[in-house]
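Visitor: Chains as they are written, first to last, in this note's numbering: chain C, 454 to 565; chain G, 3 to 118.
Just so you know, these hints were derived from the structure itself, not from any lab. By construction, the Cβ of each residue, glycine as well, lies at the ideal position given by its N, Cα and C atoms. Heads up, some of the hints might be wrong.
[Unchecked claim] Derived contacts from chain G toward chain C, CB cut-off under 8 Å, selection only:
id, residue
1, Thr32
2, Tyr35
3, Gly42
4, Tyr50
5, Gly100
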Amino acid sequence: EDKVVQSPLSLVVHEGDTVTLNCSYEVTNFRSLLWYKQEKKAPTFLFMLTSSGIEKKSGRLSSILDKKELFSILNITATQTGDSAVYLCAVTNSNSGYALNFGKGTSLLVTP
Amino acid sequence: GAGVSQTPSNKVTEKGKYVELRCDPISGHTALYWYRQSLGQGPEFLIYFQGTGAADDSGLPNDRFFAVRPEGSVSTLKIQRTERGDSAVYLCASSFSGGSSTDTQYFGPGTRLTVL
Numbered sequence: 454e455d456k457v458v459q460s461p462l463s464l465v466v467h468e469g470d471t472v473t474l475n476c477s478y479e480v481t482n483f484r485s486l487l488w489y490k491q492e493k494k495a496p497t498f499l500f501m502l503t504s505s506g507i508e509k510k511s512g513r514l515s516s517i518l519d520k521k522e523l524f525s526i527l528n529i530t531a532t533q534t535g536d537s538a539v540y541l542c543a544v545t546n547s548n549s550g551y552a553l554n555f556g557k558g559t560s561l562l563v564t565p
Numbered sequence: 003g004a005g006v007s008q009t010p011s012n013k014v015t016e017k018g019k020y021v022e023l024r025c026d027p028i029s030g031h032t033a034l035y036w037y038r039q040s041l042g043q044g045p046e047f048l049i050y051f052q053g054t055g056a057a058d059d060s061g062l063p064n065d066r067f068f069a070v071r072p073e074g075s076v077s078t079l080k081i082q083r084t085e086r087g088d089s090a091v092y093l094c095a096s097s098f099s100g101g102s103s104t105d106t107q108y109f110g111p112g113t114r115l116t117v118l
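For reference, chain C alone in the conformation it holds in the complex:
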C-alpha cells in the first residue's frame, strides 16, 4: 500500500523566516508527487514533480524531488502571514495514475 509521511505535522514561525517542509513516500510504480496548499477548505495546486533534481519555483515557493531517497521538500522563503495554511503532499502511481494519495499535511502558522 502506498504511503506518504509529512513532517513536521505543525510548525510556527515568524514572518520573514524560511521554512522547509518534508514529504517522504513509499509508492509502487511512482508516477508523480504533488504539493497543495489548503486554506479553509479547497486545496490549491502548487507543484507537480516527476523528475529527480529539477527544482520547481513559483515566487517564494520552491520544491524538489529525490526519487532515489524517496522524498520531496517544499521551501518557503521570507514567509508572510498569508502563507499560513496546511500544506499537503500527494503521490500518484502508474496503476491508478489519477488517484491522489495524500499525507496528513503540515500545518504552518506564520506569526507577525
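Could you slot chain G onto chain C? The hints should help.
Guide: Showing chain G alone in chain C's frame:
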C-alpha cells in the same frame, strides 16, 4: 474562468437520513474525482469518473455510498442511511483528461457534512 463549485457548502443531517452532495466541475474537464477529508487527515480518494462512467470506485467505503455523472459534467455523491462516522468534508476535483502524467486536479471548496 470559474473553478470547481460544490453545493451545499454545509450540510447537517440526522443519522439514518439520505443526503446528496453536488459538484460542478471546470468546464471542459472530462475527469472528475471525489475525496473525503476527516479532521486532521489528508483527503482520501473515493471515486473517479471519466466522462459519464465511473472508471474507479474502489475508494467508496461501502454500498451506502454511490455517485453519478449522467451527462459527463455535474456529479452527485449520494449517501444513504448516514452514520455519524460519515461526518467529514467531501471534496470534488476535476482535471482536463484524467490519467496522464501531467494532468492536474483542481479542487472545489468542499461540502462539510455533519451527521448528528
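Visitor: Given tyrosine 50 of chain G as an interface hint, is the shortest Cβ-Cβ distance to chain C below 8 Å?
Guide: This interface hint holds because 5 Å falls under the 8 Å limit.
Visitor: Given a cut of 8 Å on the nearest C-beta pair, is the interface hint for glycine 42 of chain G held or broken against chain C?
Guide: holds, 7 Å
Visitor: Given a cut of 8 Å on the nearest C-beta pair, is the interface hint for glycine 100 of chain G held or broken against chain C?
Guide: holds, 5 Å
Visitor: Double-check threonine 32 of chain G for me: the hint is only fine if its C-beta lies closer than 8 Å to a C-beta in chain C.
Guide: violated, 11 Å
Visitor: At a threshold of 8 Å, is the proposed contact between tyrosine 35 of chain G and chain C supported by beta-carbon distances?
Guide: holds, 7 Å
The earlier numbered hint that this structure contradicts is number 1, and it is the only one.
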